[in-house]
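Let's have the full structure, built from the sequences with the hints guiding it.
Number of protein chains: 2
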Amino acid sequence: MTYFTEQRSVEAVVERTNLDANPRLAQVMTSLIEHLHAFAKDVALTESEWEYAITFLTSTGQLCSQERQEFILLSDVLGLSMLVDAINHRRPTGATDSTVFGPFHVKGAPIRDMGENITLDGKGESCQFTGRVVDLSGSPIAGACVDVWSDNADGYYDVQQPGIQPQWNNRGRFITGTDGTYAFRGIKPTSYPIPDDGPVGALLSALGRHPYRPAHMHFLITAANHERLVTHTFAAGDEYLGSDAVFGVKHSLVTSYERADQDTVWRCNFDFVLTPDTTDSPPSTPPSPR
Amino acid sequence: MTYFTEQRSVEAVVERTNLDANPRLAQVMTSLIEHLHAFAKDVALTESEWEYAITFLTSTGQLCSQERQEFILLSDVLGLSMLVDAINHRRPTGATDSTVFGPFHVKGAPIRDMGENITLDGKGESCQFTGRVVDLSGSPIAGACVDVWSDNADGYYDVQQPGIQPQWNNRGRFITGTDGTYAFRGIKPTSYPIPDDGPVGALLSALGRHPYRPAHMHFLITAANHERLVTHTFAAGDEYLGSDAVFGVKHSLVTSYERADQDTVWRCNFDFVLTPDTTDSPPSTPPSPR
Numbered sequence: 068m069t070y071f072t073e074q075r076s077v078e079a080v081v082e083r084t085n086l087d088a089n090p091r092l093a094q095v096m097t098s099l100i101e102h103l104h105a106f107a108k109d110v111a112l113t114e115s116e117w118e119y120a121i122t123f124l125t126s127t128g129q130l131c132s133q134e135r136q137e138f139i140l141l142s143d144v145l146g147l148s149m150l151v152d153a154i155n156h157r158r159p160t161g162a163t164d165s166t167v168f169g170p171f172h173v174k175g176a177p178i179r180d181m182g183e184n185i186t187l188d189g190k191g192e193s194c195q196f197t198g199r200v201v202d203l204s205g206s207p208i209a210g211a212c213v214d215v216w217s218d219n220a221d222g223y224y225d226v227q228q229p230g231i232q233p234q235w236n237n238r239g240r241f242i243t244g245t246d247g248t249y250a251f252r253g254i255k256p257t258s259y260p261i262p263d264d265g266p267v268g269a270l271l272s273a274l275g276r277h278p279y280r281p282a283h284m285h286f287l288i289t290a291a292n293h294e295r296l297v298t299h300t301f302a303a304g305d306e307y308l309g310s311d312a313v314f315g316v317k318h319s320l321v322t323s324y325e326r327a328d329q330d331t332v333w334r335c336n337f338d339f340v341l342t343p344d345t346t347d348s349p350p351s352t353p354p355s356p357r
Numbered sequence: 068m069t070y071f072t073e074q075r076s077v078e079a080v081v082e083r084t085n086l087d088a089n090p091r092l093a094q095v096m097t098s099l100i101e102h103l104h105a106f107a108k109d110v111a112l113t114e115s116e117w118e119y120a121i122t123f124l125t126s127t128g129q130l131c132s133q134e135r136q137e138f139i140l141l142s143d144v145l146g147l148s149m150l151v152d153a154i155n156h157r158r159p160t161g162a163t164d165s166t167v168f169g170p171f172h173v174k175g176a177p178i179r180d181m182g183e184n185i186t187l188d189g190k191g192e193s194c195q196f197t198g199r200v201v202d203l204s205g206s207p208i209a210g211a212c213v214d215v216w217s218d219n220a221d222g223y224y225d226v227q228q229p230g231i232q233p234q235w236n237n238r239g240r241f242i243t244g245t246d247g248t249y250a251f252r253g254i255k256p257t258s259y260p261i262p263d264d265g266p267v268g269a270l271l272s273a274l275g276r277h278p279y280r281p282a283h284m285h286f287l288i289t290a291a292n293h294e295r296l297v298t299h300t301f302a303a304g305d306e307y308l309g310s311d312a313v314f315g316v317k318h319s320l321v322t323s324y325e326r327a328d329q330d331t332v333w334r335c336n337f338d339f340v341l342t343p344d345t346t347d348s349p350p351s352t353p354p355s356p357r
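As given, the protein sequences belong to chains A and B, one line each in that order. Start counting at 1 in the first sequence, then tack on 67, and there's your number in the working numbering. Start counting at 1 in the second sequence, then tack on 67, and there's your number in the working numbering.
Source of the hints: derived by calculation from the structure; they are not laboratory data. Quick caveat, the model's predicted, so the values are computed rather than measured. Any given hint might turn out to be false.
Which copy is meant is left open, because identical chains are indistinguishable; a pair holds if it fits in one copy or across any two.
Stated by the list, open to error - With a straight-line Cα cutoff of 25 angstroms, these simulated SDA-like cross-link-like pairs (lysine to any residue) come out: (1) K255 to A303; (2) K108 to D330; (3) K108 to Q94; (4) K108 to K174; (5) K108 to R157; (6) K108 to G304; (7) K108 to A93; (8) K190 to G210; (9) K108 to N292; (10) K317 to Q232.
What follows is the structure in C-alpha cells.
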C-alpha cells in the first residue's frame, strides 16, 4: 500500500486496480493515468487552471444532444480522431487513404440509380462525380455500396437544418455493377465552419485557430470481403486545405474539380482502392475488450 | 504546413496554435496534445474504445448539476485532484500537510463560540475536537478562522440531504484567541462512499475498486499573513485508510480518537501548523494566465 505523494502519484493510483479487472481496461487506464499525471507535472497545473478544465469539460458534456456531439468536436480539433483513424487503418501502398467519419453521416440514405442527382434543394454548382471501386490489383469490385454525403451550398448538412433542407438532401447510396464504376450528380461542396458557438469554438478562438473545414465530399464504401473505407475527397485549391480544423486532409485525397458542360458545370473523377477484409486479423497489436 | 500523419500527429496539431495566443495556454495545450497522442499510440486505442470514451465523457458532463460534480469525482479517483494539490502546496518541513478540498464545503457557515456543538441532528458518537493553530516557529496564531465540516452518522453531508438534515449540520467556524487554541464538539466521523451511481462509480467497479473514503473531519484554516490550509484529519484504525477512493490520506494527517468521559464519548486533539503567505511568490514556476 502506497500513500499518495507527488513523486509516486502514478504508482499510488495504478496499484489500486484489482488484478481481476479486465486486462485491456487495466492497460488503457494505467497508460491514461501515467500520461495525465505527467501532463499535470510537466506544466505544473495550477488550481485555477484545473478548475477551468473541470468547467470546460462539464460545459462540453452539457452541450451534447441528439443533434450535437461536442466531445467528438473536441477530439477532432485536438487531432485525436484522426490519430485513432490512422492507428486503426494502416493501409497498404496503393490503397485509398481513410479520414475522419465526422458527425453528419445518417444511416439508411436512399439507394439511387447510377447517375441520379442527390441535390434536392436546387442550390449550388452542379457536379458530376464519377470513378471506380477496385481492389489492390486494380480489378473492379461489383456490388460495392458507395454511400455519399455533403453539405449544401450554404455549408450545412440536411440534418443541421431540418425543415429548411429536404430530408436526404445531398445524400445517397449507389451500388456498383460488374465494372465497379459509380456515377452521381451532386454539387461542388463548399468549405464550412464546424459548430463554433460552444466550448470547442472558444478553445479554437483562444488558440488563434479558425473553425473551417475545406470543401469535401464524404464517402463510406462497403463491399463483401473488403475493409470498410471511410474517407473524403477534397477540392484542390480550397483556401483551408492547409488548415482543416479537424486535420482530415491527406495529399492523396485532394482532387481536382474540372469545368464540364453548361448543364453540370463541374466534374470530379476519383477511384477508390479497397483492401481485403481484416476482420480475422485486427491491425492493432493489443486486443480490444469489446 | 504539415498534413496530418500518424508519425507527425503532434506537430501537425501543435503548429496550428497561433503565435499570438496566450503563452501559458499554448504551453498547457501543447503538453496536453503531446500526452493525449502518446497515450493513444501507447495503447493503440481502438475505434470502439474511442467511442466508449466519448460516451463516458458525455455522460459524466450530463450528470453534473448544482448538487453533483461528476468531473471532479473523476479527477479525484484518477488521483489528479491530489496531484494538483501536491504541486501547488509543497509545504516546508513541520507545516501541516494539505489534502483535497472535496465538493461538500459550503461558504458562510455559522461562526460559533469556542466549544460549541456543531452536530444539530443528535446522531452519532459525540467527540470533543481540540488543538492549536500555530506558525512554523510554534507560536500561536490569534484570529485564525477554523472552518470545519463532516458527514453525519449516516455518512451524508447536510447538503446531500436538504430537508432531512438541519442546515449547517456538522459545520461551523471558530475564531482562535491569543493562545491559538480551538475547541468544538462534533461527532466521530464515519467512512462513506463517494456518489457511485454514475459513470465514475461504474469505472471504479470495472477496476475492482471500492468507492469508500475513510472517516475524516474537514478543516479549512485561514489567518492573516498565512497561506490558506485545506486539509482533513483521518481517524486512525479506519478500514479504508489504505484505500481511500480519492487518495486523500497522508500519514501525518492520521490521528487517534481517544475514549473520553461518558458525555462526549470521544476526544481528538490535533495541532495545525500554517506557513507564511506566499501570495507574492507563487510556488509553481510557470505563471498562470489567470
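Here's how the hints hold up against the structure:
In the homo-oligomer, the alpha carbons of K255 and A303 lie at most 25 angstroms apart inside one protomer (11 angstroms), although the nearest pairing across protomers, at 71 angstroms, exceeds that limit. When the C-alpha separation of K108 and D330 is checked against a cutoff of 25 angstroms, the pair qualifies neither within a copy, at 61 angstroms, nor between copies, at 48 angstroms. Taking CA atoms no more than 25 angstroms apart as the test, K108 paired with Q94 passes in both settings, with 21 angstroms inside one copy and 13 angstroms between copies. Neither within a single protomer nor between protomers do K108 and K174 lie at most 25 angstroms apart by alpha-carbon distance, with minima of 44 angstroms and 30 angstroms respectively.
For the identical chains of this complex, K108 and R157 are inter-copy neighbours only, at 13 angstroms across copies versus 33 angstroms inside a copy, given an alpha-carbon limit of 25 angstroms. Taking identical chains as interchangeable, the C-alpha atoms of K108 and G304 are never at most 25 angstroms apart, the minima being 43 angstroms within one chain and 32 angstroms between chains. For the identical chains of this complex, K108 and A93 are neighbours both inside a copy (22 angstroms) and across copies (16 angstroms), given an alpha-carbon limit of 25 angstroms. Taking identical chains as interchangeable, the C-alpha atoms of K190 and G210 are never at most 25 angstroms apart, the minima being 31 angstroms within one chain and 73 angstroms between chains.
In this homomeric assembly, K108 and N292 never come within 25 angstroms of each other (Cα to Cα): the closest approach is 48 angstroms inside a single copy and 28 angstroms across copies. Taking CA atoms no more than 25 angstroms apart as the test, K317 paired with Q232 passes in neither setting, with 30 angstroms inside one copy and 61 angstroms between copies.
The structure is inconsistent with the numbered hints 2, 4, 6, 8, 9, 10, although it conforms to all the rest.
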